Structure formats: C-alpha cells, structure tokens
Amino acid sequence: MLDHLNPEQRAAATHDGGPLLILAGAGTGKTTTLSARVAWLIEQGTPAERIVLLTFTRRAAREMLQRVRTMTGGRCAVLGGTFHSVAHRLVRFHAASLGLGAQFAVLDAGDAADLLDVIREEHGHARERRRFPRPGTLLDIYSRTVNFGRPLSDVVAESFPWCEDHVEAMSNLFKAYAAHKRALGVIDLDDLLLYWRGLAQDEVVGASLEDSFDHVLIDEYQDVNGLQVEIVRALRRRRRELTVVGDDLQAIYGWRAASADHILSFGQHFPDASVVTLERNYRSGEPILGTANALAGDFKRAYRKQLRAQRPGGGAPKLVFCRDDSAQAGEVCERVLEAREQGIDLRKQAVLMRTSHDSDLLELELQRRQIPFVKYGGLRYLEAAHVKDLLALFRLLDNPRNELAWFRVLQLLDGIGPITARKATDELLAGGTWPAAAPLTEALDAARKAESPGQQAELLRGALAPLIEERYPDGAVRLEDLDRLVAAARQAHDLGQFASELALDPPQSSGDLAGPPHLDEDYLVLSTVHSAKGLEWEAVHVLALYDGNFPADMACGSAESIEEERRLLYVAITRARRQLHLYVPVRYYHRPFGRDDAHGYGKASRFLTPAVRETCEIVTLDEPMALPTSAAPAPRTITVSVDALFG
DNA sequence: ATACGACGGTTTTTT
DNA sequence: ACCGTCGTAT
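Residue numbers for the first sequence follow our numbering, so the first one is 413 and each next one is one higher.
Derived from the structure by calculation, the hints contain no laboratory data.
Hints are not guaranteed to be accurate.
Stated by the list, open to error - Okay, derived cross-link-like pairs now, SDA-like style, lysine to any residue, Cα gap no bigger than 20 Å in a straight line:
{"id": "1", "residue 1": "Lys593", "residue 2": "Glu698"}
{"id": "2", "residue 1": "Lys1015", "residue 2": "Thr767"}
{"id": "3", "residue 1": "Lys593", "residue 2": "Ala646"}
{"id": "4", "residue 1": "Lys712", "residue 2": "Gly702"}
{"id": "5", "residue 1": "Lys712", "residue 2": "Ala507"}
{"id": "6", "residue 1": "Lys800", "residue 2": "Ala739"}
{"id": "7", "residue 1": "Lys760", "residue 2": "Asn811"}
{"id": "8", "residue 1": "Lys587", "residue 2": "Arg546"}
{"id": "9", "residue 1": "Lys835", "residue 2": "Leu596"}
{"id": "10", "residue 1": "Lys593", "residue 2": "Arg651"}
{"id": "11", "residue 1": "Lys593", "residue 2": "Ile974"}
{"id": "12", "residue 1": "Lys587", "residue 2": "Glu576"}
{"id": "13", "residue 1": "Lys712", "residue 2": "Arg1018"}
{"id": "14", "residue 1": "Lys717", "residue 2": "Glu698"}
{"id": "15", "residue 1": "Lys1015", "residue 2": "Phe733"}
{"id": "16", "residue 1": "Lys712", "residue 2": "Asp673"}
{"id": "17", "residue 1": "Lys800", "residue 2": "Val530"}
{"id": "18", "residue 1": "Lys760", "residue 2": "Thr940"}
{"id": "19", "residue 1": "Lys1015", "residue 2": "Val1031"}
{"id": "20", "residue 1": "Lys800", "residue 2": "Asn811"}
{"id": "21", "residue 1": "Lys593", "residue 2": "Glu576"}
{"id": "22", "residue 1": "Lys587", "residue 2": "Gly597"}
{"id": "23", "residue 1": "Lys730", "residue 2": "Lys1015"}
{"id": "24", "residue 1": "Lys1015", "residue 2": "Asp736"}
{"id": "25", "residue 1": "Lys593", "residue 2": "Ala507"}
{"id": "26", "residue 1": "Lys760", "residue 2": "Arg471"}
{"id": "27", "residue 1": "Lys593", "residue 2": "Ala514"}
{"id": "28", "residue 1": "Lys593", "residue 2": "Val1031"}
Stated by the list, open to error - Pair ranges (Cβ atoms, derived):
{"id": "29", "residue 1": "Gln782", "residue 2": "Gln823", "range": "31 to 41 Å"}
{"id": "30", "residue 1": "Gln823", "residue 2": "Gln754", "range": "37 to 47 Å"}
{"id": "31", "residue 1": "Pro724", "residue 2": "His905", "range": "45 to 55 Å"}
{"id": "32", "residue 1": "Pro851", "residue 2": "Met966", "range": "37 to 47 Å"}
In this text, all values refer to a predicted model and were calculated from it rather than measured experimentally.
Heads up, the beta-carbon is just placed ideally off N, CA and C, and yes, glycines get one too.
With these hints in hand, go ahead and build the complete structure from the sequences.
In structure tokens form, the structure reads like this:
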C-alpha cells in the first residue's frame, strides 16, 4: 500500500498525531496520498465509519473511496462527500432539533432563485424605475454574504458595486426569503452549511459530533470559505486529528467566498500542525511544466514551490494565434484529430475554457465534422425548464403541500399565469384542496398508487409530455431529457429524496444521468476550467486566451481577482500530460449574441508574458482572405441590373 | 384582470 | 439563448 509512494507522500500518509497540512502541487499525487492515508488509518485500527473525508466534488470522493477499497481489499464505510452532501446527511439526522420537518426539501440554485423572484415580485421591485438585480444575481449576493459571514453592505460594495443602490431593499428581501423558507419547510444549499455549523457549535450535539469522528480529512483546502472553516474548527475543538490537502496556486473559488488565506494560515489556527510539501510532478512532460512554472513565477503571493518534472521529454506547448473564433474552432478540430492519429483517443483529450460559451462555435464545428464530444460545466441539465418541471412533479408526490412546486407546475397549463397560480397555492396553504389542475392532479393521484418510483416517474412524465410538446418547438429533444430523468429515477427509493439529492449532486453534463453512457465510446471532453479541477488528460486545448475573456473583463476590477484568473490558467495548464495547445483568437466579436460582424482586435491574454511565451512554440496561422492578389484583372466594364424583373 | 407574444438587453466561474 | 418588460389580446 505504501510501497509505491515517494518519501514525502509516505510521510504524509503515515503521519501520526496532530493536525497535518499537505501542500500538494498540481500532479504530485495528492489523490493517491490522501487515499493511502485513509487506508493506512484504517489499517492502524481506526474504524472506517469514524473517518470523515470531505472533498470538493462527489466524484472526487467516489474516486478516493474506490482507491481505499482497493488498497484495503474490502468495503469501506468512510463518511465521504462534499461539505454539502455530508451536511445533508447530518441535517436529516438532526432535522427535529433544527426545527425542520422530517421531509424537508433542498432547493437547488434554480429553485432558490425562483423563490427570490416571487418575493421580489411581492415587494414590488418588478416595476421600479431603477433596475433591480435579477433573481440569479440576488442569489449570488445572498450566497456570498452568507458564506463570507460579512455584512451585506460590505459584500455588495466590494463585489457587486452596481447594485449598491438597492442594499436596503435587498436586506429586507433576504429577511423575507429566510422567513419564506422557514414557512415552506425548505432549505437551500447555503442553509446546509449554516445548519451544520449550528449543530457543530452546539454544546451538546457539537460535542458528540466531534467525538464521533476520529479523523477529519479535507481535500482542496485552498477552496474552503469562512463558513466551512468554522465548521472544521468546531469539529476539532478538542480533538486534533485533522488532515488538510491543497495547493494555494490552485485557489479558483474566491467568487464563492473561498480564500487561500485559510490554507496559508492553517498553522496559526492549528499551531502544532505538521507540514508536508509535495513537489514531484508525475503528470506533465517537462516542457509543459516549464510553462506552468513560468506562469507561477508571476504570482504575487504564494507558498514558493517549484514543481519538479518526473517525466522528462515531451514537446513544447504550442501557442497558436488564429484569426478569430471560427478559425480557432477549425484549428482545434484539426489538432484533436491529429493527436488521435498519434494514438491519443478523444477521451484522453480535453478542450478547456474560461466561460462555457467559449466553445459555442467549436461545438458546431465538432458536430459538423461528426466528432463526438461531451460538455461539462456551463449550462447544466437541471437548469433546463422542462427538467425542473418534472422534478417539481416529483417533489409534489413527496409533499403535496410544496407551494413552490405547484406554483411552477400550474403555470404550464393553458390560461394559467402567475396570478392564478398564486391564488391556487394560497388556497392550498390555507388548508384547502389540491388545485384542480385536471391532467396533472390525476397523474399525481395515479402515481401515488403506483408501486415503484420508476412507475411513478413514468406516470408523471406521461402527464407532462403533451404540455412540453405544445410549449416548446423542440419538444422531442426535451422529452428525451425527461426520459433520462425517469431512467435515473428508477434507481431511487423515493422521488422527493431523489430530487433533493440531485440538487446536491447535479449531473455535470447532459449525458450524465444516463450513467456513463457507453464506456467503449470515444468522445472529446469539453469543460470549463472550474469543472476540470482535479482531472487530467493526455492532450489539453485551452481556448480564447485573449484579454477580456481570460482574464475575464469582470474579474479585472481588483488585483486579487486578476490573480485568481491567473491561477485559473495555471489549473488549466497543469491538467495536461503530454500535449498542450493554447489558442489566441486575435479578432473577436462585440456581440456574441447577435449575428453582425462588429469586431475588434483583441490583445492576447496578459498572462502570456514574455517568460511564458518563451517556453512555448509559437504558431501563427496565416489565413489571408481568399482574394486574388497576384495578377490584377484586366479592366472591363460590367453592368449588373435586375430592372427586367420589374417590368 | 390576466395571459401571452414581441422585443431588447445581457457582468463568468459552481456546491 | 434566456429573462424581464411592455403592449395588446382575451
């Protein structure tokens, strides 16, 4: 189990005693080390169920627990998952103490924004002279405030200055939001952490919670926020067995109130902490690492560490300048296919981007060339209206008094808008009957009597289908999405529970729900850099490296947010094993939404400093306009007229 | 009074 | 491509 670890990794895995900080650079075997540590702890006699392992994504948890299982050769009852999913389990268990009903629902971001929208309407902000923040923005502001644990006015002034006029109205609105959630018996994602902190800080419950875990291990510690750190500290007030792993250079969630300060100041909160640094990089070829190190050299503030390549050789990264977005799309396709011919399967390659629409044109081009791909991050499956509609029906089956779900579902019916829907839900809450929404109410009744969640889901889908087909021109495609949801629901024990779990563990791509679709199938991965965290590919293509996009314009307000963008690029680059391609489209369009040709000439990303460029092979694609330039045509007189058409 | 279609504007990134 | 607003139809 420990044989294949290097000395530093082994020291980390077998550390005995107090707090441990593992500073693990990109590609240094962080996952291996953390898994080995869990396995070692179990082998030393710690019961698996007394270990809690917090990771950034569920996928990371799954992967690590799988490795632990392989190492220990058996089952593994470690409590593992994201902060949110572990919180969910604890909050369910202690629901009564927290004043929550037994079957409370968890709102996902979309649901929460909907609720905020309802309140926004109630407060009369909809028709105000000065534009009021939209629901999504309200949720962002609310969430950031909660996770930061700082006054609303500070958060708005710092991070949402264009909303400053509305601080007072928002503070009323947020209070109302909390009251509504209470009244509805629902909680949102931030509440999960708030309630967990509440439990952990309670004298009685907190003490027993602390005692139930011999070891607490936390992955990606550079991306925890203040609220999460308070939870960790409450879990380790008397006990000292805490392991955190992270890399301050990969802190990319500042906008979610995370701060690398927490990992940098770990030693102050836990003075007896030991520190292990992992610097041997097993992932990337030497030249790629050279680029990463050059980029890292530009960071203003960081734990100094120099990644050392363990994979000598390999080609230099290519820095490709192309005319525009569409030239970039073509070029990426060419290079992807070329790499495949060299033996790198599509699934060993990824296209990474700053924002999810960076790949719009590329997606069209991939389709045109029939190159299969899956896109992660960006617009998520669960945010599609029709999927939310079906989930709302699932929730209604679980809890017919779910006002929000009714409000959503009723408006699908002809002639029912927000006002009528509102009246119906008010009646419902006043103790009345179900809204007389004929087809849907009947389906819910029938589903209630059905035997399995699969059958229930099927019935509800059936009732919804005609409405969807009528409503959307692309109804057929949307129905396929519903089929996936139904297929996933077949494995659930309970549809309401299923809906809540989806909020915590949303499918990352539109294909996800169907399970790993076809393992034998080969497809290219498209992903935002954020969603690519922790992953690696043989070949990586990074799109749209021009100033304004990467770094994003909106992030250029403060030095720290520019630093975060730089770290984001660092994360992207360090995902690559053998090949790295960086693309700079020089001409970009002003109106990505429109179809006009208004464009400007962008500047390459400021992160591509001379030191960084020096580590790359520069490729400039010359694509002259296809105008004849050689021999000038002989002068002629040519007349063009359509007059004949008009008599 | 309410619903709905047309139109115009649009601060990333995600548990 | 989506969301919010506004004008018009029911």
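Verification of the supplied hints:
no. : hint                        : verdict
1   : Lys593 x Glu698             : violated (53 Å)
2   : Lys1015 x Thr767            : holds (18 Å)
3   : Lys593 x Ala646             : violated (26 Å)
4   : Lys712 x Gly702             : holds (18 Å)
5   : Lys712 x Ala507             : violated (45 Å)
6   : Lys800 x Ala739             : violated (37 Å)
7   : Lys760 x Asn811             : violated (44 Å)
8   : Lys587 x Arg546             : holds (17 Å)
9   : Lys835 x Leu596             : holds (16 Å)
10  : Lys593 x Arg651             : violated (35 Å)
11  : Lys593 x Ile974             : violated (36 Å)
12  : Lys587 x Glu576             : holds (18 Å)
13  : Lys712 x Arg1018            : holds (15 Å)
14  : Lys717 x Glu698             : holds (16 Å)
15  : Lys1015 x Phe733            : holds (11 Å)
16  : Lys712 x Asp673             : holds (14 Å)
17  : Lys800 x Val530             : holds (17 Å)
18  : Lys760 x Thr940             : holds (16 Å)
19  : Lys1015 x Val1031           : holds (16 Å)
20  : Lys800 x Asn811             : holds (16 Å)
21  : Lys593 x Glu576             : violated (25 Å)
22  : Lys587 x Gly597             : holds (15 Å)
23  : Lys730 x Lys1015            : holds (18 Å)
24  : Lys1015 x Asp736            : holds (12 Å)
25  : Lys593 x Ala507             : holds (15 Å)
26  : Lys760 x Arg471             : holds (18 Å)
27  : Lys593 x Ala514             : holds (15 Å)
28  : Lys593 x Val1031            : violated (55 Å)
29  : Gln782 x Gln823: 31 to 41 Å : holds (39 Å)
30  : Gln823 x Gln754: 37 to 47 Å : violated (53 Å)
31  : Pro724 x His905: 45 to 55 Å : holds (52 Å)
32  : Pro851 x Met966: 37 to 47 Å : holds (44 Å)
Violated hints for the displayed structure, listed by number in ascending order: 1, 3, 5, 6, 7, 10, 11, 21, 28 and 30.
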